[in-house]
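Protein chains: 2
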Amino acid sequence: MSPIELNARQDKILQIVKEKGPITGEKIAEQLNLTRATLRPDLAILTMAGFLDARPRVGYFYSGKKTMASVAESMMNLKVKDFQSLPVVVSENMTAYDAICQMFLEDVGTLFVVDEHSRLQGVLSRKDLLRTCLGTQAITKIPVHIIMTRMPNIVYCHKNDSLIHAAKKLIERQVDSLPVVEEREDGLEIVGRLTKTNITKAFISLSEINDL
Amino acid sequence: MSPIELNARQDKILQIVKEKGPITGEKIAEQLNLTRATLRPDLAILTMAGFLDARPRVGYFYSGKKTMASVAESMMNLKVKDFQSLPVVVSENMTAYDAICQMFLEDVGTLFVVDEHSRLQGVLSRKDLLRTCLGTQAITKIPVHIIMTRMPNIVYCHKNDSLIHAAKKLIERQVDSLPVVEEREDGLEIVGRLTKTNITKAFISLSEINDL
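Residue numbers (my numbering), protein chains in the order written: chain D, 96 to 307; chain Y, 96 to 307.
There may be inaccurate statements among the hints.
If chains are identical, the list can't say which one is meant, so a pair holds when it fits in one copy or spans any two.
As the list claims (entries may be wrong) - Capping the alpha-carbon separation at 20 Å, the derived lysine to any residue pairs in SDA-like fashion look like this:
hint, residue 1, residue 2
1, 174, 296
2, 264, 118
3, 122, 189
4, 263, 251
5, 264, 296
6, 113, 266
7, 263, 104
8, 263, 103
9, 113, 186
10, 296, 257
11, 263, 303
12, 264, 303
13, 263, 133
FYI, nobody ran anything at the bench for these hints, they're computed from the structure.
So here's chain D without its partners, still in its complex pose (with noise of 0.2 Å):
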């Protein structure tokens, strides 16, 4: 048996709620200084790892030890919402030239273009704006909705969807980016992105966790 080997911020975690559990995951952040937000991956792998279980309105509380049953099944547990970042979103008559300063600002790769009541309306990838700096109009002149994809052709996630799920859309819709939905009335509310380093960060966290 190999020992325990977390990450430090996972192992302040189990400590925190080893002492102090039930204990809600705003608490947790609280005594870590971080912002929930932040901690949402590390709970999700410590819950999936089964070192940790999570109660609605009750909170975490250390669950001993526990076998893992099946890889392939926990990680289906993984939800979207638990390794998101934040969407960054540009209207629909910005200009090529300026959406491109945006995500330099924003240091994102997909800008997310939106109407007047902020429902999405179009995604503007790295690609579409290489694309049109090829062509012959100037880009500080081409509107954002002139080359952006928009729907039905937009390929989206919601934020309980299993991270497995919105990781095979990205890879099957060629795309490095999903928007995170809620249906509204009257369109698509933008409340995350996904993308692949996302990804990436979730593959890594697996391999800090061990078996007990």
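We have chain D; now place chain Y onto it with these hints.
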């Protein structure tokens, strides 16, 4: 116990190995009308999960029921060479415009720049090219050696590195792709390309295997 759930190709590989093992990777590929390269990820995952054993110069054989000792430990055995893609290289004097065209033609997000002896000189990402499009100089005039990331700032990996280690480099160094290289007397020879897409595919493969 849940039943074995493998993707269709992994299932066929197992059947072939059960019937004809020990059998080489080349022979398995022949029977499935696929290249050896296409089969690499499936063979790596099946071996990691304990379904197959491999012996050098003999081939693969069915290893019967075996439980996965530790996910994390097994994951460390996944190698870069089993998941890497083919590299796309360009010469130092190609223009930014032609480099963008090349990216679209080859459908890749990163180009590797080589000197006249085919040794690695630089890495060119979509981000590097987009930045250039923001400038005042014509992209049909600027050669890629002006805008590429060059040695010693290039992050690279080797084909026998662990996939997890390479994934960590992608995240820590904030790049989309690593050249897979071999050291030569006169520099680095490029033998592959490892991207977040490769890691995302490996993540999906992991979810498709089950313990016995």
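How the hints compare with the structure:
Both within a single protomer and between protomers do residue 174 and residue 296 lie at most 20 Å apart by alpha-carbon distance, with minima of 14 Å and 17 Å respectively. In the homo-oligomer, the alpha carbons of residue 264 and residue 118 never lie at most 20 Å apart, since the shortest distance is 35 Å inside one protomer and 34 Å across protomers. Neither within a single protomer nor between protomers do residue 122 and residue 189 lie at most 20 Å apart by alpha-carbon distance, with minima of 41 Å and 55 Å respectively. Within a single copy, residue 263 and residue 251 get their C-alpha atoms as close as 12 Å, which meets the 20 Å cut-off; across copies the closest is 27 Å, which misses it.
For the identical chains of this complex, residue 264 and residue 296 are neighbours both inside a copy (17 Å) and across copies (11 Å), given an alpha-carbon limit of 20 Å. For a Cα distance limit of 20 Å, the shortest separation of residue 113 from residue 266 qualifies neither inside one copy, at 39 Å, nor across copies, at 31 Å. Taking the shortest alpha-carbon separations for residue 263 and residue 104, only the inter-copy value of 16 Å comes in at or below 20 Å, while the best intra-copy value is 29 Å. Only between protomers do residue 263 and residue 103 lie at most 20 Å apart by alpha-carbon distance; the minimum there is 16 Å, versus 30 Å within a single protomer.
For the homomeric pair residue 113 and residue 186, neither the shortest alpha-carbon distance inside one copy (47 Å) nor that between copies (58 Å) is at most 20 Å. Proximity of residue 296 and residue 257 under a CA criterion of 20 Å is satisfied in both settings, with 15 Å inside one chain copy and 15 Å between copies. Taking the shortest Cα distances, residue 263 and residue 303 sit within 20 Å of each other only across copies (11 Å), while inside one copy they are farther apart (23 Å). Taking the shortest Cα distances, residue 264 and residue 303 sit within 20 Å of each other only across copies (15 Å), while inside one copy they are farther apart (25 Å).
Only between protomers do residue 263 and residue 133 lie at most 20 Å apart by alpha-carbon distance; the minimum there is 18 Å, versus 24 Å within a single protomer.
Checked against the numbered hints above, the structure breaks hints 2, 3, 6 and 9 and satisfies the rest.
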